[in-house]
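Visitor: Listed below, chain by chain, are the residues.
Number of protein chains: 2
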Amino acid sequence: MRIALDAMGSDGAPTIDVQGGVQAARDTGHEVVLVGDQTRLAEILARENLQGATVSIEHASQVVEMGEHPAQAVRAKKDASIVVAMGLLRDGKVDAVVSAGNSGGVLAASLASAGRIGRIPGVHRPAISTILPTLQGHLFMLDIGANTDCKPEWLVQFAHMGAAYAEHVLGISQPRIALLSNGEEKGKGSTLVQETAALLESAPCGLNLVGNVEGKDLFRGLADVVVSDGFSGNIAIKTAEGTASMLLRVLRDEIKARPLAMAGALLAKPAFGAVRKRLDFREYGGGALLGVDGVVVIAHGRSDALAIRNAIRVAISACERNIVQSIRDRLQKVTALPDSSPA
Amino acid sequence: MRIALDAMGSDGAPTIDVQGGVQAARDTGHEVVLVGDQTRLAEILARENLQGATVSIEHASQVVEMGEHPAQAVRAKKDASIVVAMGLLRDGKVDAVVSAGNSGGVLAASLASAGRIGRIPGVHRPAISTILPTLQGHLFMLDIGANTDCKPEWLVQFAHMGAAYAEHVLGISQPRIALLSNGEEKGKGSTLVQETAALLESAPCGLNLVGNVEGKDLFRGLADVVVSDGFSGNIAIKTAEGTASMLLRVLRDEIKARPLAMAGALLAKPAFGAVRKRLDFREYGGGALLGVDGVVVIAHGRSDALAIRNAIRVAISACERNIVQSIRDRLQKVTALPDSSPA
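Chains P and Y supply the protein sequences, listed in that same order.
Letter by letter, the first sequence follows residues 148 to 490 in this note's numbering.
Letter by letter, the second sequence follows residues 148 to 490 in this note's numbering.
Next comes chain P alone, as it looks inside the complex (with noise of 0.2 Å):
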């Protein structure tokens, strides 16, 4: 298998990319293609050990940064690292495309003109998902930031391909799909949302609902797959990220403000540690965009080489399972019976 990788993408680019693309390549026996600015990513994996790792170089003399508006950004820069990444996966030189740069960029990228690879035949709109843990074990949600303003059938769309993904990628048989609301009583939620449960509930089409989940129960394991649409789950996700930082934060300035509790904090270091590992983000890696005709795979900006290696790793695993081929098979089931349930 080759996995393209934006080597132009994270914060730490292209170093930290580039660390993380070959580990990936060592770990896996897969090849990875860095795409980016050749002089200095040829410079960067001088003086990588490449022992064992299967790496190229493509080209990319451009890059779309974080703060570019991500359509114009793409249209304007048709040499941008994840342009050409995406080229290549539309014309089948890899498998998958892996970036931790602008999300937005990645999406448009995916579906302009120059690399473009379009969408799987009948999605109304990709979603990037996100991987995230809970008390029980992991949630998969979406969408995460791809669709500020969504209709209904976008989002039973979205709970369609997340329980493909939770299927065919996570191994969970019937996943428990819900919708992200502010009341878990039927009836609560915005229009969109209820409208949203509504047409769910006349077509569930082998959907296992649970119904609406709480932000305040998000975390509490109650569901498989979560979907939202893109602003309110970009709105959740931050909010445990900013939440989780915080907390940690005044921790560490309350137990630093007391010579005793120091001492205590060393003795508990290991616990911290295994807390900072069971909710780290780079564990997970990265998050799958969705609907698009291929396997993109889009990892935080803050990534580390570990996160970037881990986000290739989802990107493998993702075409291992072909979740491609099996949201194009879930969403022509679900169209050839749009009114009613083979559940």
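Be a bit skeptical, because a hint or two may be false.
Chain copies aren't distinguished; within one or between two, either way the pair holds.
To be verified - Once the Cα atoms are required to be at most 25 Å apart in a straight line, the calculated DSS-like pairs of lysine-lysine come out as:
no., residue 1, residue 2
1, K298, K480
2, K424, K403
3, K416, K298
4, K240, K225
5, K240, K298
6, K333, K363
7, K403, K363
8, K480, K416
9, K424, K480
10, K240, K424
The set of hints was computed from the structure by calculation and includes no laboratory data.
Nothing here was measured: the structure is a model prediction, and the numbers come from that model.
Use these hints to put chain Y onto chain P, whose structure you have.
Guide: Then chain Y, alone, in the frame of chain P:
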């Protein structure tokens, strides 16, 4: 001053509510009117030390339960504690209402015919607010649940009402106002956020706008007032609650799994206590329902006596600072200058 407390509100009602009410009466020197089942309230009161506390009972035979549909319940239960409490406020018999009950029920009671205090003239929609801890201090946020689907002009009013509260009740001069969004960059956000931003920028009317704030930056103290629709705002605060509780639970589990870490945690106990105190919602008591023509404070359903006491303190300080008049004045000024900025 006389504060009506819906004594049937919290999850631990009426005992918890009565205890909190008695504490507040003693600590503040103001009278607390307990509204609820007279017999039960009298029984609980008989076990309390009432020295230095002026507490009375107003009978109400019904309760709006947590799971009920707010508007329907309020219409059907004319003798519900929250409806009776609101009637006391409408009739000028008390200065404020505090409830830890169904927040939709509190909102509905304030607008329904039975206990109607109604909106401040010109207010599109009342909003539920809350105070949250940040790394730097506090954050005032609204709407967190009254209005799931909002219009831009409602959010503009939320911004003005939030500014009035921050200035007059919290004592923050020129409070920094931000919109909750999925990206801090201008041009990011849902259609609602973008249209609200455009309206605010075209007529800031004395607001100190600082742009958009993302979930991950909510607790970094970048804004004093964060404005959102009730759906996203609810998701943000509940996700924060869920994240904090998961993190502390995971930390406890990992510590308990290690004897040495257990010993360390004992030494660090005062630090943990300090963290809990800094981040505990109970310290903030409750959030004002803004836009209604009277002082109404909604406390968390999981309030204990301390939280109830603090919610009553919030109500007293909102009365003392005359928040209703401040909002009235500000909205009049804004309406008088629809297309120009006095700033």
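Visitor: Decide, hint by hint, whether the structure agrees.
Guide: Hints, verified against the model:
Proximity of K298 to K480 under the C-alpha cut-off of 25 Å is restricted to the intra-copy arrangement: shortest distance 21 Å within a copy versus 38 Å between copies. Taking the closest pair of Cα atoms, K424 and K403 come within 25 Å of each other both inside a single copy (22 Å) and across two copies (17 Å). When the C-alpha separation of K416 and K298 is checked against a cutoff of 25 Å, the pair qualifies neither within a copy, at 47 Å, nor between copies, at 49 Å. For the identical chains of this complex, K240 and K225 are intra-copy neighbours only, at 18 Å inside a copy versus 71 Å across copies, given an alpha-carbon limit of 25 Å.
Taking the closest pair of Cα atoms, K240 and K298 never come within 25 Å of each other, the shortest separation being 35 Å inside a single copy and 48 Å across copies. Taking the shortest Cα distances, K333 and K363 sit within 25 Å of each other inside one copy (17 Å), while across copies they are farther apart (29 Å). In this assembly of identical chains, the alpha carbons of K403 and K363 lie at most 25 Å apart only when taken from different copies (24 Å versus 30 Å within one copy). Neither within a single protomer nor between protomers do K480 and K416 lie at most 25 Å apart by alpha-carbon distance, with minima of 51 Å and 56 Å respectively.
In this assembly of identical chains, the alpha carbons of K424 and K480 never lie at most 25 Å apart, being 39 Å within a copy and 53 Å across copies at closest. Taking the shortest Cα distances, K240 and K424 never come within 25 Å of each other, neither inside one copy (35 Å) nor across copies (57 Å).
In the structure shown, a violation is registered for the earlier hints numbered 3, 5, 8, 9 and 10, in ascending order.
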